Amino acid sequence: MAGKAGATPTTYTPSPKTQRKKPPIFKNDDVDWVRPDGRGFHQCRPAFFRTGAVNAAAGSAYAEFGNTKVIVSVFGPRESKKAMMYSDIGRLNCNVSYTTFATPIRGQGSDNKEFSSMLHKALEGAIMLETFPKTTVDVFALVLESGGSDLPVVISCASVALADAGIMMYDLVASVSVSCLGKNIVIDPVLEEESYQDGSLMITCMPSRYEVTQLTITGEWSTPKINEGMQLCLDACSKLANIMRSCLKEAASASDE
Amino acid sequence: MVSQLQAQDGVEGIGYPNSSGDLSSEMEVDAFRRLFPLRFFERHLSESIRPDGRPLGRARDTTLALGAVASANGSALVKIGLTTMLAAIKMEVMTPLKESPDEGCIAVEFHMPPICSPLVRPGRPAEVAPVVSKQFSGMIDLKDLSLVSGKAAWMAYLDIYCLDADGSLFDAALLSAVAAFSHLQIPVVSMNDEGRVIVVSEENDGGGDAVNKEKRKLRLCRTPISLTCILHKNYILADPTAEEESIMETLVTVVLDSSDQLVSLYKPGGPALAHTSSVQDCIALTRQRVKEVQTIFDETISGMEVD
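So the protein lines, in turn, are chains D and E.
Take 1 as the starting number for the first sequence in full-length UniProt numbering and just add one per residue.
Take 1 as the starting number for the second sequence in full-length UniProt numbering and just add one per residue.
Isolated chain E, as found in the complex (with noise of 0.2 Å):
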């Protein structure tokens, strides 16, 4: 493959030195690839390869460690690639609005620190950030977060932090959050005398009953699970990696359910416009990533409970 490389046939770009065949014959690939990244991956997409040696259609691996982090209530490791996601959910109790006394709230907040990558810089957040952050809505039935209704409901704040950019930071991003709320354990809270809210442990049992026993866990109404996808030429690749959205522009981002319906379809922009029949293609892709991600979910899952 890469041998190959090195034949190209330098017909179009100006001032591309193969016109006269030497050059680009000794090019280093690596200097190739950095010199001119597009004609690099299109030489692999024609021949159904990507230079990490995946087919167009492949996800990369794909690993999840649930209970992460000891100081909170829920948490969850993702790995998709070497895009690296740390999700944690942190239970706080609030007074529920007036407006709706028997609902909970969910604040999602989406993190990319600068050590992520070395495009972000302290203090100048990263720009899409705040896109992923908009995603997230209607996962959880917010009446599960009541408590005792009109005085106390949960707050789950929700926090997502990129640890490692590589590309598809969406997919990991909402997989490692389902993975963080299946893995959230709600603690057992009582009143007390002056109404506050306070964690029955076992060695202070003097509040009055719990107000949860039975409520430990929260339930999804939905297990959302995304993919997305670069539109180049004919081509469509799933999963791309850092690298590969910074030269192919055109990204799909599909979000499907467990039982395959479409929660969501992403399409921001860029230079390729979509086909009804490549859309068609990315949600067959994703369909295909949902019946993966489920058993990965599963195998972890099945893993905890053996330890």
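Chain D with its partners taken away, still in its complex shape (with noise of 0.2 Å):
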């Protein structure tokens, strides 16, 4: 047994608490509690979107909210896998990875399996997939470090990474998540928050359109509660598609000088 121990040592990321307290951050009916990083309940963390992140992509994009930092390629229109069977529509094909030092415990991130598949559902519907039959579009996205709420960030960045590519979208694909606190409800949550969380809920929509792509509630909810997050998302999903709207803007006349 002593030899078998030798050859893979077990390893542990040395923390400052030996064993977890459960959250100082928030009791039951205090409501002048204090988000992690001093934001109002209602306040989003300044978002950054910047195109052309990499080279060899068709499109590409780089998107950072507070500590969450993520990079989209678009690859594509291409052929499809020969495997595949004739479609007079094109497919969509996504994958969200994650790197390993992404999560405070390293390697952690390939925890997020169904992110990949929730990309491809959330932008699926937006995509004119008509405009490119016989043929795929890869979307992949990196998460460099997972800082919370990392699957609307990814959307949102995937959704500017293909307007940079060019391909034909119904609209900007704008996500914004909350998290349920006990009474409170909290727009989009940092990772501390997020660990904590009694319930969630993420809304991917089209804002000029006014069309909702996915809705994902998980967790305890009642219904004004519900209402109260959809509205909450609802509206920061237009002012982030502005936020969109106008780096895709600045990366065109950047281009045309």
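Everything labelled a hint here was simulated from the structure, so no lab data went into it.
Predicted model, so just to flag it, every value in this text is computed and none were measured.
What you were told as hints is all true, and nothing was included just to trick you.
So, partial list: chain D residues that the calculated Cβ filter (under 8 Å) puts toward chain E:
#, residue
1, Thr10
2, Ala56
3, Asn67
4, Thr99
5, Thr100
6, Arg106
7, Phe140
8, Leu142
9, Leu144
Below, in silico cross-link-like pairs of lysine to aspartate or glutamate (DMTMM-like), each with a Cα-Cα straight-line distance of 25 Å or less:
#, chain 1, residue 1, chain 2, residue 2
10, E, Lys79, D, Glu64
11, D, Lys121, D, Glu194
12, D, Lys113, E, Glu109
Sample of chain E residues with no beta-carbon within 12 Å of chain D, all distances over it, derived:
#, residue
13, Pro51
14, Asp141
15, Ser182
16, Arg219
17, Asn234
18, Gln261
C-beta atoms are modelled at their ideal positions from N, C-alpha and C, and glycine is treated no differently.
From these two lone chains plus the hints, build me the complex, please.
What follows is the structure, given as structure tokens:
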């Protein structure tokens, strides 16, 4: 046994607290509670987008919301894999992966296996697939650093990257999530808040068309809370889409000169 | 330069439309580049210049940014031309091996995620990735990673991600690794009552004395810096782009340390055979490159200290 244990040493990340304490950040009736980064409950982190992050791709974008940093590359439209059947409309292929150092504990990012299919479903409805028949558009995302609300950031960033690649869409897709912590709803939660949340709600929508492409609700919610959360998200989405649009406009006017 | 290209002397090449001289003179430069890449490049090389305007022996502009990843103990973002590498180091505590009780361990992994190149698809790792991973070794004295002899040592996970692949991947990967190690801040830790190592932070001071008050930085025994060159006929092209690598396939990678000693030399086959003289030329180019990179390093670090 001693010989075997030597082959692969077991490691652990030394953390400041030996035992994880229950959230000191929140008590049930405590409305005066301050968020870890000092934001108001209904205040989003500043959003930053930049197109053309990866030159090898047809289109790409980098997004940074606080500590959440993602890169999305779009390839294609290009030949579908040989094994695929003939298709009148184009295919969308999505993949989300994490760097090993994205999460506080190494390699934890691979837990989010469902993100690839959720990204696919969020974008599918917005893309005019009939404009590239028989071919595939690949959307690949890499989370460089996970700071909370990863999937909404990936989705918004992917739609900017698709626009950068010149893929036809009905509208930009913006995504925002809220967390329910006791009696409060906080928008654009950071990692710490997400780990203590009672429930989460994420909306992905096309703000100009006022259409929702994806809505996920998990955990404990009451109907009025859901309404409140949805209103918050929809409002934030339309503001986020303006930021995304201005980033694209800037990039377009810079390339004109 | 560009207009000269169209006045090609089309002698060799079956089916090359220039034999009559009409088509190629009208051919767009871009189309010519795609259809006859090798001729396109050779035409440039004979004028001692490359399509991106560089002389043959010059590397692309290089930039360094330290501390790009907040969730890691040390990190660096390196750009050589368009090739972009992000390296980050995470430190974890392990029980050292029985055979080497006062040595730590370093695990290096080179990743090519599908975002970096149209050739990489998810689930199918790129061919070059393991090749690059393998070339890192002996950079650090593993004894420096020891905490408590026989009980605890550091395991350093170095992960290098290629964010944009445009040739000379190994050079960029190595530079980002070296830069990440130079940025590395080892957390101060102490042993608690149960014999586990915990991080000492300002508010949490009850775990006994710090084990590693002085050893917050890792010393590199040597700073390896590399340069990849393409050998093509009697030309030597330093720091090739992905396009150049795909057309002319003979690569030589030379790694030198800061005192100009040869660390490794790597020529993975290829159609052209290297003469001793051309290998020496590659080493001379690398020597120049080492100086260049050191200035970039010094500038970056002094720029960081000002902030």
